[in-house]
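Participant: Read off the chains here:
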Amino acid sequence: MSELTLAPPLRISTGIDEAAARRTLRAQIAKLERELAELFTRAYPRKGFDWSVASRSGPRLLGLQELEELRDDLAGRVEDVRHELRGRNQVEQANIRLIDRMVADPASYRWVQVSADDVGARGCKYWHSLPKLGIVGMLMGWWRVKISSGCP
Amino acid sequence: MNEPGPNVLTGRIAEPAASEFPALKLRYRVLDASTHRSPKYLRKQLKHISNRMVGERAINLRREPIAHAYRVFFRHIGLDPDETPTPVESVLAERLRAGRFASAGILVDALTIAIVESGVALRAFDTQAIEGELWIRVASQGERLGDGRGEPELPDGAIVIADQHKAIAPIFGDPADRALPSRSTSRVALCAIEVAGVPQIASEEALWKCATLIEQTLE
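Residue numbers (the numbering used here), protein chains in the order written: chain A, 1 to 152; chain B, 1 to 219.
Misleading hints may appear alongside valid ones.
[Unchecked claim] Part of the chain B face toward chain A, derived, beta carbon under 10 Å: (1) Arg-62; (2) Arg-71; (3) Arg-75; (4) Leu-79; (5) Asp-82; (6) Trp-135; (7) Gly-157; (8) Ala-158; (9) Ala-202; (10) Glu-205.
In short, the hints are calculated from the structure, not lab data. Note that this is a predicted model, so its numbers are computed, not measured. Glycine is no exception: its CB is placed at the ideal position from the N, C-alpha and C atoms.
Chain B on its own, in the form it takes in the complex (with noise of 0.2 Å):
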């Protein structure tokens, strides 16, 4: 296996889950970030990506590598990707639907250029929800996302983003409340979902380009 790149860290798998998807990855970047108004440089870069999105790429969508992996993993945990949308499906339906990518703050926006370039299934975590490292691994009975204040139970069996306590979100899903970034958010863990399908490069490549994207904000 390769090493993963500068910056770039690896978290585990838990069994039953590795067991079950060996080629399950979960790989990410802890970084600072904004959720301010975008500068227009990277609003250009939006409505540049926007204007090379047709509709007939949506259509053919589902037969790119790395798209139709997503899909076949989501099949395989239990969800139906025409249902629960796929992140770079989900992000090009919202372009169908709206005609263009409306910019939605710094990090929103560098998050779907590169989910859009790369077609790997991004996220962002805040890290004031996170206590050490993040992995991958299946809930307990009656587990409940985050603090388990105001939270839904989770499903037996449920897959999730967890840090050293608690159950951050599911692996695709909503998070719980606080790890969702707002406007007070100033530092993100930037997690890359790598499934049997997507080479480690381009999850890896995904998390470098919405990196770069956010820390040009901040120069």
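Chain A with its partners taken away, still in its complex shape (with noise of 0.2 Å):
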């Protein structure tokens, strides 16, 4: 019987290419560079949000695990910032309403507030429904909804 020969194993490579990672995950954090600058500016005049991503002590080169960190800190920032304004439109929109609301029937929402802030818009002003001509108007039931002339 003839000696069977085996033919030598067949390598597979697992090494991958470092810099193409590096290069695919530096596209994807320039892509969410540009989402977070676009949120920032749709978010604008609004307070209270979080946008930092901690530092790499930089400036030096990051390696692929460094920039895949990077990149997953930049998306749950971006996601986060994503949902708490979309929290808050959810608000302000319903504060529209309830200023519209108050416009048409004063006397049904008395003493209650909306200030600009409430809204997402820039400036002190606010929507403050009050009785015309003080005591009076209370006992008369006649509201109105006044609107401040902005910041003193």
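Join the two chains into one complex using the hints; note that each chain is given alone, in its own frame.
Facilitator: Shown next, in the form of structure tokens:
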């Protein structure tokens, strides 16, 4: 019987091209930074958002893992801000509808006050449902929405 | 690739920074300069751009192509641009904080005007601290800025602007003490750091603008 000779084992390269992976990650980071910038301008003048994405003790060359972590942190931040902005938009839309209802029927919204902040606008303007002529208006049920003239 | 403009030198980008950031360029000019009090016309020009820069520009700045390009590059090199602002954002933040661009001498005023108008990251180093040509490289392990005395150790993989013998400054950040222009400075190397998304024409125009403003004060 002839001797069976085995072919050398097939070598499968598992090494990845790290440079290409870093390029891809950098492109993703650039895209996420653009999205964050868009959100920043859309969020203005609202306050209280957290925009920070921790630095990596730069300026230096970042390794694959650091770029991955940075990409993930940025993606997390974009998602957090988007979620927060969506939530605030809903509240602001509800407040805008409340102003419409207040203006249509001030007596039903006695003493209710809505500020520019509450509708995501700049300035110190506010809408306040108040009685006309003070105590007389209160007794007579004469109510109106007073719109402030802005910042002092 | 276009040839750089007259008097503009292009610094070499050493590996591995060159292959990691193929669009990274260091363009610079060496010229006589002074840090003395700015003449009236320069202060007037500073006041003029001060009036043009309003809060709205600061809000929209990060959507402008060149400012955005620097923010992205800052992320790529491990800096948070909200913590360590890019040069143009830093200048504009100071304008909003102080309510104007306060004059700080010829060199700083010229840099401020050129940075605000172009958005390009410009830096100036005292040539007394520079030996040979400038280039960008990655710092070697345990390296310090300048002659190393009193300077902190650079982090592993730090990207620096260097001369033929030593690191002068991190690519973005405070330079070695000797490279910082001072009252005794008479000649500077004016550098523009070009990154992906910043056209060559913009960095050359920024250098030209800044150099012209400085040279006018010497006439």
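Participant: A separate judgement is required for each hint: does it hold in the structure or not?
Facilitator: Tested hints:
1. Arg-62: For Arg-62 of chain B, the interface hint holds, since the closest Cβ of chain A sits about 4 Å away, which is under 10 Å.
2. Arg-71: It holds, given that the least Cβ distance between Arg-71 of chain B and chain A is near 6 Å, below 10 Å.
3. Arg-75: Holds. Min distance 5 Å.
4. Leu-79: 4 Å, holds
5. Asp-82: 5 Å, holds
6. Trp-135: With a minimum Cβ separation of about 15 Å from chain A (threshold 10 Å), the hint on Trp-135 of chain B is violated.
7. Gly-157: 4 Å, holds
8. Ala-158: 5 Å, holds
9. Ala-202: Because about 18 Å separates Ala-202 of chain B from the closest Cβ in chain A, which is outside the 10 Å limit, the hint is violated.
10. Glu-205: 24 Å, violated
The earlier numbered hints that this structure contradicts are 6, 9 and 10.
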